[in-house]
Amino acid sequence: MKFTEEHEWLRVEDDLVVVGITSHAAEQLGDVVFVELPDAGTTVSKDDEVVVIESVKAASDILAPVDGEIAEVNDALVDDPGKVNEDPEGDAWFFKLKIEDLSVLDELMDEAAYKKFVG
Amino acid sequence: MDELKRTPLHDLHLALGAKMVPFAGYEMPVQYKLGVMKEHLHTRAAAGLFDVSHMGQVILHGDDPQAVALALETLVPVSVAGLAEGRQRYGLFTNDQGGIEDDLMIANRGDHLFLVVNAACKEADVARLRAGLEPAGVRVEYIEDRALLALQGPGAEAALSALNPAVAEMRFMDVATVELMGAEAWVSRSGYTGEDGYEISVREGDAVALAEALLAQEAVEPIGLGARDSLRLEAGLCLYGHDIDTTTTPAAANLLWAIQKVRRADGARAGGFPGADIILPEIATGAPSVRVGLKPEGRAPMREGIDLYDTDTGGEAVGRITSGGFGPTVGGPVAMGYVPAERSVPGTRLYGEVRGKRLPVEVVTLPHVKQSYKR
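Protein chains in written order, with our numbering: chain A, 1 to 119; chain B, 1001 to 1375.
Hints in this document: simulated from the structure, not taken from any laboratory. Careful: at least some of the hints might be erroneous.
[Stated by the list, open to error] Derived DMTMM-like pairs: lysine to aspartate or glutamate, alpha-carbon spacing no greater than 20 angstroms straight-line:
1. A:Lys57 to B:Glu1282
2. B:Lys1261 to B:Glu1282
3. B:Lys1357 to A:Glu27
4. B:Lys1374 to B:Glu1085
5. A:Lys57 to B:Glu1353
6. A:Lys57 to B:Glu1304
7. B:Lys1038 to A:Glu27
8. B:Lys1019 to A:Glu27
9. B:Lys1038 to A:Glu86
[As the list claims (entries may be wrong)] Cβ-Cβ distance ranges computed for the label pairs, FRET-style:
10. A:Thr42 to B:Tyr1142: 56 to 62 angstroms
11. A:Gly90 to B:Thr1246: 31 to 37 angstroms
12. B:Leu1014 to A:Ala112: 48 to 54 angstroms
13. B:Gly1305 to A:Glu49: 17 to 23 angstroms
Just so you know, these numbers come straight off a predicted model, no measurement behind them. Beta carbons: idealized from backbone N, C-alpha and C, even for Gly.
Could you put the whole structure together from the sequences, leaning on the hints where they help?
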């Protein structure tokens, strides 16, 4: 699993990059009450705001961690946003990205680096 | 920046795992381990203990209690002289423009009046009271050595009765002095959640023992400012500085119920408070823009500052949300805000602009969640 400074995790599954937020991020956000996902097929560039997530406290965005195309979104989160707090690094993935070159992930943090980043 | 102040329960908050945030000059718990959502639901289901020691406590003394009450009536459009001993009432400090300088609770405790004012306004309120009342011979005592706790929820009566059964006899807005854990407590049956419950003032040295005795009970959990906000929002209660401020009149704020007949035009003690020449005529004419409940039709929360429109595209903003978020008991977004009077009828559909998109929102009657006061 790879991690970004925006507290996203990325995992490669069947040549797609699955993206979610880390347990640390979910805990900081507090109870998530609203999730708005992009449409599958959307082309995104790194740092585009692709997901809106609102907790009891505030609204925030999830940014595209790399360039790519949204291949699939996790519609279950729209009906049950609380999943993001229950299983942020498992069932509560947000979207899957189709990207051209998986090697761009090499530049991201591994788990040890992320742990150090979070402190 | 001044250093943040701490309440007498500061160490207890930390021991309970609170997340502390700056609020009105104090370091306050925004949530504990349960988190905002569960704390909210727990308060409505059982009982929640809130530290509200940051709020201002003031006593007004004088040789003649009736003269003290009449003096305070020069600052608030409320019948203070008509407030029976052992009773409390909601009030407003108004300004010459008819706006609201703060909202407060006024209790008649026999030989004195006891006021509770908002934390962010307390210095200004004390100055206002001194300037307005001392010339009339009233002594304004700013209480800085007492904590204030709120115990709220359907389990509050049983929890506080376990410490002193006398509190069960109190009804909504009663005030009494009772002994709790060997300490003299000034108790009112009131709160800011829409639930039954109590607010309890004790000397700061007695606060921790009282809080611990309440928290030791199964039904009672500590609750932070996050849930306090969502609870009061569902209950349709105003947050000063957001839903009411120096520019909103009582009529606009939909708070005319706080102005008793005796202070209105043709009342025995009509007017005589700041802004009466604006506030009283507006009772008959109505305000151009009024505070209403708003229920977003979708799932997206509509928060403070969101503009409201008549249509889903184009046009000028006609209103604005002043408080909004997710209501855990409602299970969806809830809000309140100001809309033109002609659009204030429940059922009116407006559109809130969220992230550039106009989403439907319906004007609804407040509260969003039925209040359950013990009247």
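Practice task
Against the earlier hints, flag every one the structure doesn't satisfy and list their numbers going up.
Solution key: 1, 3, 11, 12
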